[in-house]
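Protein chains in written order, with my numbering: chain A, 1 to 396; chain B, 1001 to 1396.
Hints in this document: simulated from the structure, not taken from any laboratory. Even glycine gets a Cβ: it sits at the ideal position worked out from N, Cα and C. Errors might be hidden in some of the hints.
Stated by the list, open to error - Derived coverage of chain A by chain B (criterion: at least 3 residues anywhere in the stretch with Cβ under 8 Å from a Cβ of chain B; other residues may be distant):
1. 33-39
2. 97-109
3. 213-227
4. 241-250
5. 287-298
What the hints assert, rightly or not - Residues of chain B clear of chain A, computed beta-carbon distances all greater than 10 Å:
6. Asp1033
7. Gly1249
8. Pro1331
Spelled out, the chains give:
There are 2 protein chains.
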Amino acid sequence: MSEPVLKAEKLDAADDLAPLRDRFLLDDVVYLDGNSLGALPAGVPDRVADVVRRQWGELRIRSWDESGWWTAPERIGDRIAPLVGAAAGQIVVGDSTSVNIFKALVAAVRMAGEDRTEILVDASTFPTDGYIASSVARLTGRTLRAVTPAEVPAALSGRTAAVLLNHVDYRTGRLHDLPSLTAAVHAAGAVAVWDLCHSAGALPVGLDEHGVDLAVGCTYKYLNGGPGAPAYLYVRRSLQDRFDSPLPGWNSHVEPFGMRPEYAPAPGALRGRVGTPDILSMLALEAALEVWDGVSIDAVRAKSLALTDFFLECVAAYVPGGRVESLTPVPHEERGSQVALRCADAGDAMKRLIERGVVGDFRAPDVLRFGFTPLYVGFADAERAARVLGEVLGGA
Amino acid sequence: MSEPVLKAEKLDAADDLAPLRDRFLLDDVVYLDGNSLGALPAGVPDRVADVVRRQWGELRIRSWDESGWWTAPERIGDRIAPLVGAAAGQIVVGDSTSVNIFKALVAAVRMAGEDRTEILVDASTFPTDGYIASSVARLTGRTLRAVTPAEVPAALSGRTAAVLLNHVDYRTGRLHDLPSLTAAVHAAGAVAVWDLCHSAGALPVGLDEHGVDLAVGCTYKYLNGGPGAPAYLYVRRSLQDRFDSPLPGWNSHVEPFGMRPEYAPAPGALRGRVGTPDILSMLALEAALEVWDGVSIDAVRAKSLALTDFFLECVAAYVPGGRVESLTPVPHEERGSQVALRCADAGDAMKRLIERGVVGDFRAPDVLRFGFTPLYVGFADAERAARVLGEVLGGA
């Protein structure tokens, strides 16, 4: 056996998280696209069947109380909270990531006050964040400026209302320095809004510890909630009374069944709710989150870094020189849980990888993206992926 | 047997829609709360199980293409279209009703132009519509005025930007005159936005025929899509190029996987999309809509009116005089598919009805609400509900 294969065996044998793979329904595909759609947790199918057949089909309307449907957004928010370093009562689940970015950014601008006229947004952001930020600027009469995260400290001023940043860049996998950027935003008197889509579930976030104001994330990547599972919104406890939502739906009313013509917001995190929550998707997510029982996010982070280190090592061993270039930073403190390789014919290469049982994804125009979900990806997977990539790109 | 019982038997025997009840999973409860949460269509559990186990669990990320996840919002919109009198290509499914009202009303105000400074909203509306309208007014710098639908024609002026109306009042079951109100709104040069939550699936709407501009509806009432199933947005074809969304997420980009920093909206109905759609809830809805195969909405309307007529007749026969007062209009052209009875101790009365197997709902402070879903409610159900109500309220 080759050296990488032997090393993978050793690493897998020493991996305390390896048994967690059994909490998912998987096959022999090497699935490195959990940063786009997480794999199916084993407990989800039966839970969803129960929600459909018994809770909806038999209890029907009674389930809003008896099956806990009404309180699901806050309850599941509290289930996500420890994974992102938040105490209970600050996260609510529901709506898409885009809609939550809209809520968070409008609320942030309102918190900052009238004399703060500029919004800063990560120039390399996932597109939807930029589109929504632009809409928020237009609706609130602010200007929008796109800067790289590195440029943020210099771009901040007394005019800055809010800054929307990504914890991990969706394309390159670069991890941004949330603690120091948040501190810089606060030093300028502005409000920090973080998008956690590519970090939550893969590494410690520390929302409370680092004083993040508002945060948004999706649940279908490293949280394995299922396709289009509802996103979540974090509002720091000390800001909740000032959270002034642009989407004041009846679900966030202090007395939702009072059917009052005047809006009066509920206290706490549920002020971020809007309309009736999508119960099937939401309760699938709740079941999915049970895979985290007893799992330490620090252990997940350690394995994630070991996996991406090892994958890069195997790529260097298997892929002919010059065929790929890693866009993912080498220093651990700058790396999320994915490896992005620039490659001349990336679209075609990914097709051939998938045909051979290695699933990553292609991001136009020239990026091969490989996501490492420590809960179900092992070192042998990383070795095989690099080996097949080497074959596809004409290596040994 | 009593006269109402005999009459119910005759009416059920002559009911061509009676066999449709077999398309649902039901029991011996009289379920008159389908205007809050529709019953479970028989085809949904297996479909959802397939979506979870095979589409998500086995195909995983490939399902966005191979299982048609990506195009579901438009495809399911086209499935709803004939039920509300719309040609294909004008409806997109996704997000909650509240979020869609926000999109529609901001877009309507933008269509109306800068010199149109006032939004009118139904004063008796379901609360969320009013809350969202108020937020739209605040964000777009318009004023908001609440008027009853009857007052709309007199309230319209050259200052009116948009009018948000409910087709059927959620509380009383009153059906408003969509054709003539829409015509009045248009005569004033304003944009008509209709909320169809309590009409779609219960009666013909005729969106295209009556020139409605924008419409929004939920899918978990008479469309039986399941708890919190995604809502839909109708944008009349001739207005689609002018639909300027306040929630321009990446899913409505003309080239969503181009990952471009500048937003460029897609043509057509899918301009109303925002973020990643909640696939489990959405595909449950798609399966649920199959109960409409071969069903005429005119036949549904005829049965709905016959059911509510008969229920009112039975209430008169069984309930002691003066104990309840119907808030639902007697003329057919003013009646939706529910009967609302004002009753002094409505909360307690509904509790006792539910204990005896008759499920309606209570709307504070004093309304008993009974929804009649012609696809699965029969005349014997109406008779039994009225009879039990009579018992509960101390009748014979």
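**Asked** Hints broken by the structure, by number, lowest first?
**Response** 5, 6, 7
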